[in-house]
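Q: Residue-level listing of the chains:
2 protein chains.
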Amino acid sequence: MITKQLICPKSIVVVGASNNVHKPGGAILRNLIEGSFKGELRAVNPKEKEVLGVACFASVADVPPTDLAVLAIPANLCPEAVEILASQKETRAFIILSAGFGEETHEGALLENKILETVNQYGASLIGPNCIGLLNTCHHSVFTQPIPNLNPQGVDLISSSGATAVFIMESALVKGLQFNSAWSVGNAKQIGVEDVLQYMDENFDSDRDSRIKLLYMESIKDPDRLLLHASSLIEKGCRIAAIKAGSSESGSRAASSHTGAMASPDSAVEALFRKAGIVRCYSREELTTVGCVFTLPELKGRNFAIVTHAGGPGVMLTDALCKGGLNVPKLEGPKLDELKEKLLPGASIANPIDVLATGTPEHLDIAIDYCEKEFENIDAIMAIFGTPGLVTMFDMYEMLHQKIRHCRKPLFPVLPSIHTAGKEVEQFLAKGHVNFSDEVTLGTALSRIMNAPRPAGNKVELYGVDVPAIRRIIDSIPHDGYIAPHFVQALLHAAGISVVDEFVSGNKEEVLAFARRTSFPVVAKVVGPVHKSDVGGVTLNIKGEQHLALEFERMMRLPDATAVMVQPMLKGTELFIGAKYEEKFGHVVLCGLGGIFVEVLKDVSSGLAPLSYEEAYSMIHSLRAYKIIQGTRGQKGVNEDKFAEIIVRLSTLLRFATEIKEMDINPLLATEKSVIAVDARIRIKK
Amino acid sequence: MITKQLICPKSIVVVGASNNVHKPGGAILRNLIEGSFKGELRAVNPKEKEVLGVACFASVADVPPTDLAVLAIPANLCPEAVEILASQKETRAFIILSAGFGEETHEGALLENKILETVNQYGASLIGPNCIGLLNTCHHSVFTQPIPNLNPQGVDLISSSGATAVFIMESALVKGLQFNSAWSVGNAKQIGVEDVLQYMDENFDSDRDSRIKLLYMESIKDPDRLLLHASSLIEKGCRIAAIKAGSSESGSRAASSHTGAMASPDSAVEALFRKAGIVRCYSREELTTVGCVFTLPELKGRNFAIVTHAGGPGVMLTDALCKGGLNVPKLEGPKLDELKEKLLPGASIANPIDVLATGTPEHLDIAIDYCEKEFENIDAIMAIFGTPGLVTMFDMYEMLHQKIRHCRKPLFPVLPSIHTAGKEVEQFLAKGHVNFSDEVTLGTALSRIMNAPRPAGNKVELYGVDVPAIRRIIDSIPHDGYIAPHFVQALLHAAGISVVDEFVSGNKEEVLAFARRTSFPVVAKVVGPVHKSDVGGVTLNIKGEQHLALEFERMMRLPDATAVMVQPMLKGTELFIGAKYEEKFGHVVLCGLGGIFVEVLKDVSSGLAPLSYEEAYSMIHSLRAYKIIQGTRGQKGVNEDKFAEIIVRLSTLLRFATEIKEMDINPLLATEKSVIAVDARIRIKK
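So the protein lines, in turn, are chains A and B.
Using the numbering used here, the first residue of the first sequence is number 1, and each one after it goes up by one.
Using the numbering used here, the first residue of the second sequence is number 1, and each one after it goes up by one.
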């Protein structure tokens, strides 16, 4: 519950306030004072009458009614203080900085529970405990430094780690990135990252609110809510980037199925971010660089012009953009000749446009104008302007400032001379701009942004899927575990997924009759043993009745054999689809080409059920082996539409059969005309 | 030619010196003065008696004998000044800053030639023209800023772009990276990047010289020399990292063979760097980070301990290291329990070791000591210590300083609070340390370094290769272009590469007789048409004489058919080897699995001929599909030793048959026992 008293309190009391600014209780009061909090400030400290010039009370019982309380007192004193403030002082927001709660001991966890009970009873907000606090344009209720420049159009940072939030602000500061708010949720006893996002979504005011959200998370407690509100915010025009740290952990978990081994917990995160449209970052440096890009107008295309007065950085930036699938197109035509006339002799104009080291602000002006107005195939402009120290850059950066204000295409300033032109860069940032001091870091961030898809929405594609039948089948399955082949067949049929015709029997004559009907060649597989191939329980390409009869007899003598299954022998490219239920995330669906592509090359892409057709196509297209699906070097491709259809329908099946914990269809055999499931396994747990 | 007068002149004259430090002729004199040049400084300017306090002469003819001349005068005045100085003033080193030479006009190129003639005649050095100059511990002959901190153990920077050198120094400065020298070679009329490296190699003094070289190049003019001296320096204990910018350009060049299309000019660079043992970087940020890592003791293994007082950065660093194939092993055992006792309650010790936000310098001391002395499975330590601003970090960083001085394992300081603890970080850097302010950038740089192989040397493996035979065959080939099958066979035989038995004839009876001898099934291929498959000129799996006779007749009627080739039909895993001659680099050899692996997945690795066995194995191991070569999921692997042998022998063949411009063996068929070339094409140009 996020109350208005938390966001914009009329009064704040710091409980445990101190004159010593090297203690959290002193530092936070200093930050509140220096942050020009407009409301009333109060302090509580039994030993003082006044703390840092603020009226001080001996105990919370003595304080007048106060909207927000910040607690910097030992953990064991917090429950009572919260109780008194909430019940007697109308306090409806609490920020508890103190550590020593559930993160440390069982007793601490009990204290936390007590506090939560109280704040919930009174409909109050609780940030923390064990956090650095909350910083916004109204109040600086954090005990840490640095305090970034604040701006209602700056970024909202929500972090599950306080120290990381601090270090992210350090990294943002040198880039000129401004903040609207910074939330450190600490133990997140009441308010977690998802709650803050939900609040921002539900209360989004497109005229007033910041459109940039940066997240740092070490675990995703409520993926559904994260997905819902992140997508919704992005649909409303916001842009979100996030670090989910801890991607390398685990991987060692037991997994009984094929898909189980392929799907790491990180593929669930990957799939969630893709579905939500969140740009995934892996470092503070990347997150703040992406944040800086977000402050500029949105890119409408992938074609960049580079304007510079130094060759090298332009070349390195071109490399980085091309590596990320973006373009630095060659410029051509009469307008280019016109531009050349207006620059210094020797200036290079093919793109990068190099106005030379002796190029003036006017040359910058002209080059940017041409890129904005004359070159239709340019979507955005990078301006790389450092200095070897001969002249100051004030005029150049003032020109850049003017161009950024008026250019209708996004214009990225790359100012590498942060030391030599330190003062000039500072002045430029003070005008509200950001700076990308390393061109390749910018290029990489842009690729990440441009390659993140739009939010996919959460609509379930029902066409072709018989949901009541799915439920009937699932409900009729007697045991947990891998389910019998006829259940698998029935579920795939109900989901509208084509399955190879097959027949299971322990009776030789029946089997032969089926094979005659479906026509040879056929495949025979033993029913019973789990690892069929290993015991010689699979025979391909059986061309006649006599051979089938012999194989039937042999297979029925294998240990655990109960029957033999016969299928027509299909040909085609092997495809693979799998799914795994990830706690809290739901089903992660994987697709790829079969065989070595999955097993050796791990060439799979992942999505989170339910999947839209757009997502399914995007998954297929992001396979490294996509060219094989398209058809390559004389080889025909496979029916991509059918493949996408099966991915979508499988994801719908999973949405209505959450009892399915793991499944794979491997292989599907695909031709230009059809994609047919040949073998599938499903494990359920009710 | 690099003279001692260039490296450490006794006297320097700035020609075109100016009192205006906003001009190169003023700025360079200021830098020389501020850099405390110990020798005699002189200036030339017809309008002044003294420039910035330095005695000034009206013309170069008036100057006393001077070792080094820096020219900052118009291009057209340079040749005469150089002539006078070299012939009359014993000047044996020139740095020409001026532009307006070959990079701009033909007339400029002629001026450059004239100057080169003069300096060569007198055995003098020439840096430039069109450069920022040369900076070392003896003299600061650059006109640019910043001037980095100088230290004989700092890095040597050699750059083909002056502005990029300046921006690299900007990026180095904030990290505390110190320099021994910075060379801007400009137009490199006499001295290029390779020459500087050669000089450093041939004059290497292990007691005195810096062991770290950073390079920035946009083209590699003399790959052989770069390879030779870079490898040699690395063998002598140096460490080299380089940016080769322009990796994305081209790719559109015409290529007639399979390998031609696979081998981009960048694979030649990649192969060269791998052979030399150079760490390849792609940005200034990366290059300077790698440079900082190089200042620390060399890593002996891949296992890292992370000591920190903040959780998040430790997790992100762990992710980055694991992604790069490095480890953050779990710590265990009684010594770990002992360590836990000595830290604060709640400290986490599994690795990362989190001494908590309230951890003291003593805790840092203890944790590092345990990692250094007690945990055998730790090769290096990362210390991440920022601050939320409550207390200063002077004591903490003093402790870190002491630990770095005495720790026998490499200890990497990660100090993120560059703003809030700005003074503390500055003091720490002033003690000669570097700082990695972003932990993930460090992790990525470490992976790059650890994954760069050792220099491979340039030894040619002759065993099994009949060099005289190769020369005889090459010399006997009458025409340029794709050579006839029997020449291909003969060359592969001479190189000791097993080739499938084959027989070519236009006579049906002979063909049938061969097939009978070698035993069916066989493969028949038409000889004559270039694209055999496209015209129906390849038939596999011919099982009997009658079938072969029919195919023979059909093929001989195809357009351009001159004969039919018959081979026994082999089975096995398809492998691929190709090579392409790259101007100046020599032969780039590619290997991989055949078919879709090469064509669709571009899963190839490259090396520069001649290749050692170590390199060949390293190429094979770096394939994504290596598991297939090893054998996977019940499928047998292939004979890796034979594959490596063929790669090595092919590279030897190429070394002695540089007339071969393109070739590929595709496929080779590989089993557990043998690897046999089935089809090969070779194009020569004499």
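There may be inaccurate statements among the hints.
Where chains are identical, the list cannot tell them apart; a pair therefore holds if satisfied intra-copy or between any two copies.
[To be verified] Calculated cross-link-like contacts (lysine-lysine; reagent style DSS-like; alpha-carbon spacing at most 25 angstroms):
1. K627 <-> K532
2. K221 <-> K685
3. K335 <-> K89
4. K532 <-> K49
5. K627 <-> K431
6. K38 <-> K584
7. K47 <-> K602
8. K636 <-> K532
9. K685 <-> K661
10. K89 <-> K686
11. K423 <-> K38
12. K423 <-> K89
13. K543 <-> K373
14. K602 <-> K459
15. K342 <-> K38
16. K4 <-> K423
17. K221 <-> K114
18. K602 <-> K323
FYI, nobody ran anything at the bench for these hints, they're computed from the structure.
Q: Each hint: holds or not?
A: Hints, one by one, checked against the model:
1. K627 <-> K532: between (32 angstroms within a copy, 23 angstroms between copies)
2. K221 <-> K685: Within one copy, since 22 angstroms is at most 25 angstroms while 65 angstroms is not.
3. K335 <-> K89: Classified as neither: same-chain Cα gap 71 angstroms, cross-chain 52 angstroms, threshold 25 angstroms.
4. K532 <-> K49: neither (82 angstroms within a copy, 97 angstroms between copies)
5. K627 <-> K431: neither (48 angstroms within a copy, 56 angstroms between copies)
6. K38 <-> K584: neither (42 angstroms within a copy, 71 angstroms between copies)
7. K47 <-> K602: neither (65 angstroms within a copy, 73 angstroms between copies)
8. K636 <-> K532: The answer is between: 19 angstroms across copies meets 25 angstroms, while 31 angstroms in one copy does not.
9. K685 <-> K661: within (6 angstroms within a copy, 62 angstroms between copies)
10. K89 <-> K686: neither (49 angstroms within a copy, 95 angstroms between copies)
11. K423 <-> K38: neither (32 angstroms within a copy, 32 angstroms between copies)
12. K423 <-> K89: neither (49 angstroms within a copy, 43 angstroms between copies)
13. K543 <-> K373: neither (70 angstroms within a copy, 69 angstroms between copies)
14. K602 <-> K459: neither (29 angstroms within a copy, 37 angstroms between copies)
15. K342 <-> K38: neither (53 angstroms within a copy, 46 angstroms between copies)
16. K4 <-> K423: Close neither inside one copy (40 angstroms) nor across copies (39 angstroms); limit 25 angstroms.
17. K221 <-> K114: Only inside one copy: K221 and K114 sit 22 angstroms apart there, 73 angstroms across copies, limit 25 angstroms.
18. K602 <-> K323: Intra 22 angstroms, inter 15 angstroms, cutoff 25 angstroms: intra and inter.
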